[in-house]
Every structure is written in structure tokens, then in C-alpha cells.
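As a plain string of letters, each chain reads:
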Amino acid sequence: MNSETIKTLDNFSKDKYKYGFVTEIDSIRSKKGLNEETIKFISKQKNEPEWMLSWRLDCYKKWLKMPQPEWANLKIPDIDFQDIYYYSAPKSFKKKPKDLNEVDPKLIETYNKLGIPLEEQKVLAGVAVDAVFDSVSVATTYKGELEKLGIVFCSISEAVKTHPELVKKYLGSVIPPGDHSYSALNSAVFTDGSFVYIPENVKCPMELSTYFRINAEETGQFERTLIIADKGSYVSYLEGCTAPQRDSNQLHAANVELIALENAEIKYSTVQNWYPGDDEGKGGIYNFVTKRGLCKGKNSKISWTQVETGSAITWKYPSCILKGDNSIGEFYSVAITNNFQQADTGTKMTHIGKNTRSKIISKGISLGKSQNTYRGNVSFLRKADKARNYTQCDSLLVGNQCGAHTVPYIDSKNNSAIVEHEASTSKINEDQLYYCRQRGLSHEEAVSLIVNGFCKQVLQELPMEFAVEAQKLVAISLEGSVG
Amino acid sequence: MNFQENFNNHLKQYIFSNDNYLLKERQKIFNKINLNKFDKKNNESLKNISISDLSSFNYFYQPSKEKPTLEISEKNVYQINLVNGKCPDYKDENIEIRNILIKDIELFKSNNQKDTNDIVADLNLVFLNSGILIDVNQKSKIKICLNYKAEKDFTIFQHNFFNFFKNSEVIIEENFYLTENTINNIYYNINIEENSKIKHNIFQDFASSNKLLLTSNTTCAKKSSFSQNSYNFSKGFVRNFHNAKLNGVFSKASLKGCFLLKDDNVCSNKTHITHNAENCESDQKYKGILNNISKANYYSNTFVSKNAQKTEGYQLSKGILLSDKCSFFSKPELRIFADDVKCSHGSTIGPVDENSLYYLRSRGINKKQAMKMIISSFIKDDLIDLDKKNIDRINKNLTQYLSTI
Chain A
1 MNSETIKTLD NFSKDKYKYG FVTEIDSIRS KKGLNEETIK FISKQKNEPE
51 WMLSWRLDCY KKWLKMPQPE WANLKIPDID FQDIYYYSAP KSFKKKPKDL
101 NEVDPKLIET YNKLGIPLEE QKVLAGVAVD AVFDSVSVAT TYKGELEKLG
151 IVFCSISEAV KTHPELVKKY LGSVIPPGDH SYSALNSAVF TDGSFVYIPE
201 NVKCPMELST YFRINAEETG QFERTLIIAD KGSYVSYLEG CTAPQRDSNQ
251 LHAANVELIA LENAEIKYST VQNWYPGDDE GKGGIYNFVT KRGLCKGKNS
301 KISWTQVETG SAITWKYPSC ILKGDNSIGE FYSVAITNNF QQADTGTKMT
351 HIGKNTRSKI ISKGISLGKS QNTYRGNVSF LRKADKARNY TQCDSLLVGN
401 QCGAHTVPYI DSKNNSAIVE HEASTSKINE DQLYYCRQRG LSHEEAVSLI
451 VNGFCKQVLQ ELPMEFAVEA QKLVAISLEG SVG
Chain B
1 MNFQENFNNH LKQYIFSNDN YLLKERQKIF NKINLNKFDK KNNESLKNIS
51 ISDLSSFNYF YQPSKEKPTL EISEKNVYQI NLVNGKCPDY KDENIEIRNI
101 LIKDIELFKS NNQKDTNDIV ADLNLVFLNS GILIDVNQKS KIKICLNYKA
151 EKDFTIFQHN FFNFFKNSEV IIEENFYLTE NTINNIYYNI NIEENSKIKH
201 NIFQDFASSN KLLLTSNTTC AKKSSFSQNS YNFSKGFVRN FHNAKLNGVF
251 SKASLKGCFL LKDDNVCSNK THITHNAENC ESDQKYKGIL NNISKANYYS
301 NTFVSKNAQK TEGYQLSKGI LLSDKCSFFS KPELRIFADD VKCSHGSTIG
351 PVDENSLYYL RSRGINKKQA MKMIISSFIK DDLIDLDKKN IDRINKNLTQ
401 YLSTI
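For the protein sequence lines, the chains are A and B, in the order given.
So in the working numbering the end of the first sequence lands on 483, straight run, no missing numbers.
So in the working numbering the end of the second sequence lands on 405, straight run, no missing numbers.
Derived from the structure by calculation, the hints contain no laboratory data.
Among these hints, one or two may not hold up.
[Unchecked claim] When the alpha-carbon atoms are kept at most 35 Å apart in a straight line, the in silico DSBU-like pairs for lysine-lysine are as follows:
1. LYS456(A) with LYS342(B)
2. LYS256(B) with LYS386(A)
3. LYS369(A) with LYS245(B)
4. LYS32(B) with LYS427(A)
5. LYS32(B) with LYS75(A)
[Stated by the list, open to error] Quick list of simulated restraints, FRET-style, between CB atoms:
6. LYS342(B) with GLY178(A): 42 to 52 Å
7. PRO176(A) with ASN117(B): 24 to 34 Å
8. SER305(B) with MET464(A): 53 to 63 Å
9. THR162(A) with ASP263(B): 56 to 66 Å
[Stated by the list, open to error] A few chain A positions that, by computed beta-carbon distances, are all more than 12 Å from chain B:
10. LYS40
11. PRO205
12. LYS231
13. GLU257
14. GLY399
Glycine is no exception: its CB is placed at the ideal position from the N, C-alpha and C atoms.
If we strip away everything but chain A, and leave its shape as in the complex, we get (with noise of 0.2 Å):
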């Protein structure tokens, strides 16, 4: 590594996280620990129905029984389920707000903060947004013009309320609560997040999205998100999600499930830009998600696309099980770590159904030294006739402190599906860097231009409201760290 290199690196390691800041608001807590009460406790504060509470408790007792899952290659401190608050809720929202004029002024400030003007966007935008402050669902945007379509998008904890048959119906069938102690321990305790119904042939107007904030200390968020699109609809659902800086590290370990029916579509883009923690690798979230789509119907389509920048520890695989005929499952993913970050993330797609078809491209970068390791798994079925398969996996390397490792799975169980599978490992090709420096750029110019053509398969997937962000997000994170 050549001097210019390292001075850049150090530079990049004092880049500032500018999210980090915290509001100063008074929130309502649930004691300490997990135990029952606890759960009855979140129950209680949501005025929930008496089958929402005992499906929680059901998931806690599953959740005592299971093992911590060991698979990623991630080195993970202990974690002391007794020492997180369950649940947090700014005072004020003892009773839900009905208007954003009746939500307190701070917190819109910390919005407005983030790059969220809740207001603003709501005219200017064209974005309806749900924003999630700690435990609860701060507010709804263009709720009304939603529902002259028949589009529920509200927090979870309202559609429990409002729409309890969809809700029985398919919370925890894409997900199911025993599949590993996360998804376990989600279920028994998620606090809110934000629910979808798209009814028949709808196509969603405008992007849904919610933005996601942890706020207080030592406090777990556990958020639920659940989107059904009915036959013939369509939706477009953005996600983002920032937590101030602190030493201590917190833990978010979210489930969303996302239900296509036929003819259907779902496209969910994240932006995942959580606290990483300083660059001795002090503090940060763990972000433990477990993202999962079902293509239920003939000719339905989930995309996955994912820009992920934050968390000290990511371990993340939104999925698809492709059990319709003729179903689409993508899975888009760009994953950059720095300093003492570790990410281990990837896809499953699972192919159940005759003629189903599944593309993933996944770019990991790394930097520093972290470790980026991208897993996924390709498994054909006996009945998934004539499937298909594409997946494309690159990393590159900046530095030679860091790691950056593919571990794909493929399973294949029927003659007549095809699987290509393909992965490179390399770090900034010379020549690229060579012919454009030549041309005048300077070597931080030329590397960013570089990385931004490595990514873009990806980031051309995004909406245009996240592209700018994420293209944004990439640029500062090589901000002075390679050149």
C-alpha cells in the first residue's frame, strides 16, 4: 500500500457519522430485562388484543428454548438480553397523535435533522412516510390519499387494531417465529413498525417509506414490517435508519415479511446507514434482520435492494421463496465496511415453483479492518422445473488489514433448472485508475468514479428519492479512505 493510500485511510477513519446526535425528550420505558411482564408490559402500553398477546408469549417461550444462531462468520461479544429496555416511547405519545400538527416540535426537529421533513416531503415529495422513533410510529404521511385507493399503510401496532384478519392472517407465515432465536425473540417483543395492504390491482401511487431512529440508550428496537400486496397490485417501499452515536453498543433485530400474491409486486430498497461505532470499534448496532419474501401467486416478483454503510455488526439476508410458477426473486445488494465493522450478509433464494427465476448481484467493499463476508443460498426444489438462476457476486479490497469472503451455497434438485453462479475478489484495477488519473483526475476522484461503477448494477435498482441518498452515502464513505 503505497503512502498517499494510508494518509487517505486515516483521513477517511476520522470522517464524522453525522447522524450521531440525540434528542433530548422524555420517553417512557418498560423495566429492565425480558420476562413475561415485560411482554405484557409492550401489550399493555398498545392496547392490544388479547391473541396478539398470547401469540407474544408463545414466541417468548419458543425464543428461552433456542440457541443463538452460530452460522456467520462474525465475531459477536455476548449479548445480555436482561441488560436492554424492551421499550421506549417519547412522553408525549401516551396518546397517538391524529395530526402532525399535534406531535411534539423536537421530534419533528430530529427529522428534519436526518433529512426527513416530514412536512416538506409530504408536499414536495410525493413520499408517504412512516417514521419510527425508538418503540412507536411517530406519524403517517398521506395516509388519506392513500386510503381513497384502499391502501393500509399504517404502524403495525394500528393494523393489529384495525385489521386484525390480515394480520392473524400473515404475521409469522413468512417468518415463522421458531425459525432461529432472532425471529423468535422479535416476535415476542416488537414494539411497532409499519403494515401494508395493497388491495387488487392497485399500483401504489407514490413510494411508501419509513425511517426508522433509535433514540434512547441501551434500548433494543425490534421492529415489524409487514406488506401484503394483494393480486394484480404493486408497491414500492423504502426503508432507512439511523442511531445517535454512543459507546455502548445497542442491538436492533428487525423481521419483515412481505407477502406477494399473483401478478403482484414488491420492490423494498433499504438504506441502512446505523451508528458503526468509532474507529477503535467502540459502540455501534448490531443489526440482526431477518428479511423474508414470499411469492405466493403465479407471475409475482419481490426485489430486494439494499445499501448497506452502518452497524457495527450486520448480519442480514433478505430472502425470497419463490413457490409461485413463473415468480421473480432479486436481491441487489452493495455492503461497505470500514474500521472494526463486520457485515455477513447475502440471500436465499429458494425455488419452489415451475419456471421461477432469481438474479442477485451482490458488491462488497472493504476497507480498514473489517470483514465483509457475503453468504447465499440457491436451492432448487424437485418441482422447480426449468428455473433459472443468476448470481453475481464482486468484492474489492482496500488495504490489506481487512477481509472479504464468499461463502454461496448451491443446491440443486432438478435436471432441468440451471444455476450460474460467479464471484471475484480483487482490489482497484490499476489500469482503470491509471487511465484516469491520466485525464486529469485526481486519485481520490478516480477511485470514488471507480467504486461508483462497481455499485451502480446496484444503485440503478434504488428509487430516485434512495439513489441520490445512497449514491451520496457510498461517495462519503471513500471520502479520503483510498486516495
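Take the given structure of chain A and dock chain B to it, following the hints.
Then chain B, alone, in the frame of chain A:
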């Protein structure tokens, strides 16, 4: 006979049974397996084969009437005919060949095959009953043919040590003449010194009642090269687990293999190359054709340590599935800790290529014939550096396999 009976009843028959250290090691492994204290879920050595298949068998080993022999048919070509894991003792200016002796016990103590989570390698140490040692002297240019013969019902647990000293050039050819109902668990330690070039060809074609479990650990010093090709046409279970460590700069390792499976045959493959030095190259490539209800798996792994800059590592796995009941699992893995590297892997599984089939059929070749042509070319693609005798042998096996499609 179960595992416990095998272990207790024949303890005296195993090699080094009087040594306390090895006895303890054996006891430790025995307890681990007997009490199920190992990782079953992620254990690569148990893919497609159950622990009971590996540990429950009738242990049988005794001195044989037939003596192992050595022939030098042409100059520098050594034909070694092993019988039940035993070889003749021989020494000349090129080579020394002998069975392992009590003085070799240190080799086992220093050999770190523990903690690999490999049950087959564990069993090899527990039931160890034979082993040979081959030293090839500096600058020797020779060919060694190892012909393994196993008599009916024999269970052979063999540990071999091959040392190739500086500047040697050797072709090793291994053939297996297994009679009936034999188990052959063979573990190799191959040490290649500076500037040596080793080619290792393994031919596996035997009847269905036999089992062959091969595990090799190769270390390559500076500027050395190791090229291994395994050809599996067996009707019985074969496991090929081969590891190589590139410890010297500018060394090269290539681990390749192909397999043809049919009926209910199972085959388990793994290659693992560790790059510990700069400017090394590696290549891992396995290809397979599966028919009927056969099953196969292939794990490949390229590990590049922090100081192994300028590494080039390639992996490829290809599988053709001919029936709707066979299955193929592959896991091509890259673990990279150095930044100036070029590593890649590719993996495909699918039916015979439709376009190629169409091309041939449009030229008047019937479907069956066209299929045979495509499959032959798929295998023959890699038959380089083989002599005519071996190519004929592969052709014969291939024709036999194709006749059942």
C-alpha cells in the same frame, strides 16, 4: 458391528497400540464420536454420508499371504503393488520406499490432523493399521505407479507420507484394485520441497461394494508445483478431500477432478487451498455428471492470508444433471485477507446445454448420440498430460457410462 465393539475388540491390532500418547488421542476421538460430541450440522465430512455409515462396519485386518511387490519395468518407472496397505521395502539412488515403523511415531504426533472436524480423518487415526513412506531424492526424475490391492472384506486405514526433495520431478499414478466389500480410508501427507514438480493422477474405478475415502494434505515450498487430477468412475462410494498449502513464494497448486455417477452412487468432494506466501497461483476445478438417483457435493475453498499478496486463485465447479432425481450441492468459498489478489470462482449446475444439443441435432445427429458427444467433450476437456494407456482407460469407462444413458 458397532463403533464401540470395533474399537474395543481390535485395539491391539492397530499400529502404535502401545504408545500412550496415541492411545490417549485415539480414546479422545473415540469418545467424541461415540458420545456425538461434534458438529453434525456443518460438518462437511458428513455431507451425503451418515455418521453410522462411517463408524459402523466390520473391522477386519490380518496379515496376508500375498506379498507386496515392486517392479521397475522401464527406467525410472517404479510399479509398486501394495497389498492391503503394505508395500515392499526398497531403496536406490532415486527413491526409498518402506512401511511406517515405530520410529515414525513422531510424524503422527507432529501431524496436525486434529481439530479439523473431519470424522473420516479422525477414524483414520483411530483404526490406523498400515502406512507407507516414500522419499524421492533431490533432482530425481521418476514415475511412481501405486497399485492398491485390497482383499475381500478388508478394512484398511492407511496413513502415507510422501516427501519430494528439492528439484525432483515426479509423476505419481494411483490405481485401485479393490475386490469386494472393502473399506479404504487413506490419508496422505505430501511434502514438496523447493523447485519440485509433482503430478498426481488418481484413477478410481472399482465395484459398488467398496468404499474409498481419500484425504490429502500437501505443502508446497518455494517455486514448487503440485498438480492433482482425480478421475472417479467408481460404482462405489468415493470421497476426495484434498488440501494444499502454498507456503513458499511462486509456488503453484492445482486440484482437479471429475466424476461420473449413476444409480444410487454418492460422491463427496472437497478442495481447500491456503495461500501463505506471495506470488502463488492456485486452481480448483471439479466436474461431474449425475444420473438416476445419484448424489454429489463439492466444497471448494481458497484462503488467502494477510501476507499472500499477488495471489491468483481460481475455482470452478460444473455439474450436469441427467435425471430428475439426482442432486448436486456445491459451495465455492473465498476467504481473502490480502488486498492485491485476483480470485474468482464460478459454478454451474444444469442439464445438457440446449443450444449445443440443437446445434448437433440440426446437423443430423440423433439426440442420444448428440448427448453422448456433449458429455464426452465435457469430461475430455481436461485430459491433458495423460499417456495413451490412461486415456484409453478413461475412454472405456466413459463409453461404459454413456451406454446406460
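Which numbered hints are broken by the structure, listed smallest first? 4, 8 and 14
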